[in-house]
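Protein chains: 2
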Amino acid sequence: MANFNFFNPISTEMELLEQELSKKLDSRIELLNESAVHLIKAGGKRLRPAFALLSAHFYMDDLTEVIPLAVGLELIHMASLVHDDVIDNSQTRRGTETVKSAWGNRVSIYAGDFIFARALSLIATYERSNVVDVLAEASMKICEGEIIQMMSCYNVKLGLKNYLRRIERKTALLISVSCQLGAMIANAPEQEVRALRNYGYYLGMAFQVTDDILDIIADEQVLGKPTGSDIKQGVITLPTLYALRYSPRREELAQLLASPEACRNETGKIIDIIIDTDGIDYSYYITRHFARKAQKQLAFLPELPVKKNLYNIADFILAREF
Amino acid sequence: MANFNFFNPISTEMELLEQELSKKLDSRIELLNESAVHLIKAGGKRLRPAFALLSAHFYMDDLTEVIPLAVGLELIHMASLVHDDVIDNSQTRRGTETVKSAWGNRVSIYAGDFIFARALSLIATYERSNVVDVLAEASMKICEGEIIQMMSCYNVKLGLKNYLRRIERKTALLISVSCQLGAMIANAPEQEVRALRNYGYYLGMAFQVTDDILDIIADEQVLGKPTGSDIKQGVITLPTLYALRYSPRREELAQLLASPEACRNETGKIIDIIIDTDGIDYSYYITRHFARKAQKQLAFLPELPVKKNLYNIADFILAREF
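Chains as they are written, first to last, in the working numbering: chain C, 1 to 322; chain F, 1001 to 1322.
There could be a bad hint or two in this list.
[As the list claims (entries may be wrong)] With a straight-line Cα cutoff of 25 Å, these simulated DMTMM-like cross-link-like pairs (lysine to aspartate or glutamate) come out: (1) F:1225 / F:1276; (2) F:1157 / F:1219; (3) C:308 / C:190; (4) C:24 / F:1144; (5) C:24 / F:1219; (6) F:1024 / C:144; (7) C:23 / F:1137; (8) F:1023 / C:144; (9) C:307 / C:62; (10) C:141 / F:1281; (11) F:1161 / F:1137; (12) F:1041 / F:1276; (13) C:141 / F:1127; (14) F:1161 / C:84; (15) C:161 / F:1026; (16) C:293 / C:137; (17) C:23 / C:62; (18) F:1269 / F:1251; (19) F:1023 / C:133; (20) C:45 / C:220; (21) F:1141 / C:84; (22) F:1024 / C:133; (23) F:1293 / F:1281; (24) F:1024 / C:137; (25) C:141 / F:1133; (26) F:1045 / F:1168; (27) C:157 / F:1034; (28) F:1157 / C:34; (29) F:1269 / F:1252; (30) C:23 / C:85; (31) F:1141 / F:1168; (32) F:1232 / F:1281; (33) C:141 / F:1034; (34) F:1161 / F:1219.
[Unchecked claim] Far from chain F by the CB rule (all over 12 Å, computed), these chain C residues: (35) 67; (36) 145; (37) 230.
Bear in mind the hints are in silico, worked out from the structure with no lab data behind them. A virtual CB, placed ideally from N, CA and C, is assigned to each residue, including glycine.
Produce the complete structure using the sequences and hints provided.
As C-alpha cells, then:
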C-alpha cells in the first residue's frame, strides 16, 4: 500500500505539467516573475491536475488535450493561495507576520489576479463554454466560502452545518470540479461525469477533515506550519466543534475560543481540552465516512486500471493512523 | 453639442443594464451584498457597456444578446476598482485613509474575486471561446499594468513610453476590448471589428490623458477627489513628465517628486511648477491627437446613425475647454 504510486498512469503528464506551469507564469514584469517562481518552487502535490488527468484517463489514453485544463486548475488553486496570503492590517498590527515591503499586499492582489486570468486564457482554448461556466460558478462559491470562513472566526455558536459548508467551499469544490472537467473534456457519459464529480467532492471533504485533524495533533515538522494554526486564527474545525459540545470543560473552551487573544496565546491549553475529548476519533470517523462515499461513486465507472488509483487514494485516507 | 445624448440609441439597454447589474451582484452572503450595493449606488458612466452596445448596434437592432457582455464588462471594471481600493499597510500607517474594519482588506479581495468570477459566468453564456480569450488576455495585461504603475511611482527617470504603456493598460485596453467584443458578438466583419477595437483604444488613451490633466487643474468639487491625487500617490502623468523635461525648475521638481513625503505635503508647490510650463497645453494636444485617431477609424465602418454617436464622443473630448 505504502509503495503504491497513486499517479503512475499519469507520470509523464505530471512532468509536463511542471514545465507548463513555469512557462505559463512567465511575464515580462520582473516582480510578477519573482512571485511566480516562488510559487512554483514551493511545490505542492498538484492534486487538482492529477484528479483531472486520472478522471480523463478513463476515456482516453493520450491525455495531451487535458494538459491545459490541468495547468489551469493548478493556477486557479495558486491564485487563491496568493490572495489568502495577503496580510490584513489587523494581522500586521499584531506583529505575527514577517514584515513585507510597503506594497507587499498590492503585489499579492495583482499577482493573484494575473494568475487567475492566465488560468482563464488556458481554459478558453477549449471550445466549450460549459467548461468556463463550471469554473466560474465554482470560483464564486469559493469566494463566498472565504468570506463565510472569515465571518465565522471566533464564533463558538456556529455548528456542523457551517463547518461543512466552509470545508466544501475551501477544498471539496475545486477537487470535485477537477474530476468533473477532466471527465467532460474526455467526453465521458453524463452519468459518469456526475460520479466523478461526486467522487471528487467526497474525497475533498475527507481531505479537509484530515487536514483539520492534523492541524491539532501533528508535529510542526510534519505540518510545515505551527500546530494549532487554525485555532490561532480563530478558525473552528470539527474536533473543536465536538469538544465545544461534549467536553466537561466546554464553557471554559467557549470562552477561550471567543477571544482572539486567548486563541493566540493559550493555543496549547485549547488543544489539550480538545484532545481530552473523543473529538479526534469522531473527526476520523467523519473522514472515513466521506472516503467511503467517494469509493462508492466508483461503482458507476468503467472497470479500468485507473479506477484502482482513485480507489487507493481514498483508501490511503481510510488507512491513515492517528 | 452639449445637448447631444451620446447614448440615445441604447437608452433602453442602458436601463436594463442597471437592473441586471443589481441582480447579478446578488449573493446569499450579506457582506458581499453590502459591498455590491455600495458599488452599484456609487454609479459610474457605464462607459464600457455603452461602447459594447454602440459597437454592436452597427450590426443589429435588437441588442438583447449583447446585454450579458455589457454587464460582464462593467463587472470586470468594478472588480478592478474593488481591488484598487485595497488599502496597503503603508497607506494606513500614514493615516490618509478612513479606518476600515479589521478584515476590510480581505473582504475587498474576495469581493473583487467574486465579481470577476460572476463576470466570467456571464461571458461563458456565449458559445464563443475567443470572447473569453480576448477578456483573459486583456485582464492579464491590465494586472501587469497595475504592477508597472506601482513600480513606477516616484521614479522621475521614466519617460513617455512608460507613461503610455501605463495608461494603455489602465484605461484604453478595456474600452478597446468592449468595442471589439460588442462587434464580435454582433458578427461584424473582421476588418470592422479591428476598426472598432482601434477606435476604443485611441478613445481610451484620449480619456486617460484628459483625466490626468484634470487631476492637476480641476476643482476638487468637479473631480470628486482632491486635486493632485496622482501626485500625492507618486503617479507621474503626462503634464508632470513635460515639466520634468522643460521646466526651468526641473531639478527642484525631480527632487520633490522622488520623495513620497514631498509628494504628499508639497502637492500645491508641485502643481504650481507644472502649471507654469506648457505641460497642460502639450497634454491637451496629445489628447486631441488620440481623439482624432479614434475618429479616423470610423471611416472603416458602415454609414449608420450610430456612427455619429461614436464620432461625437470623440468630439466631446476635442471640444473640452481647459
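To test your reading of the hints: which numbers does this structure violate? The structure conflicts with hints 2, 5, 10, 12, 14, 34, 36, although it agrees with all the remaining ones.
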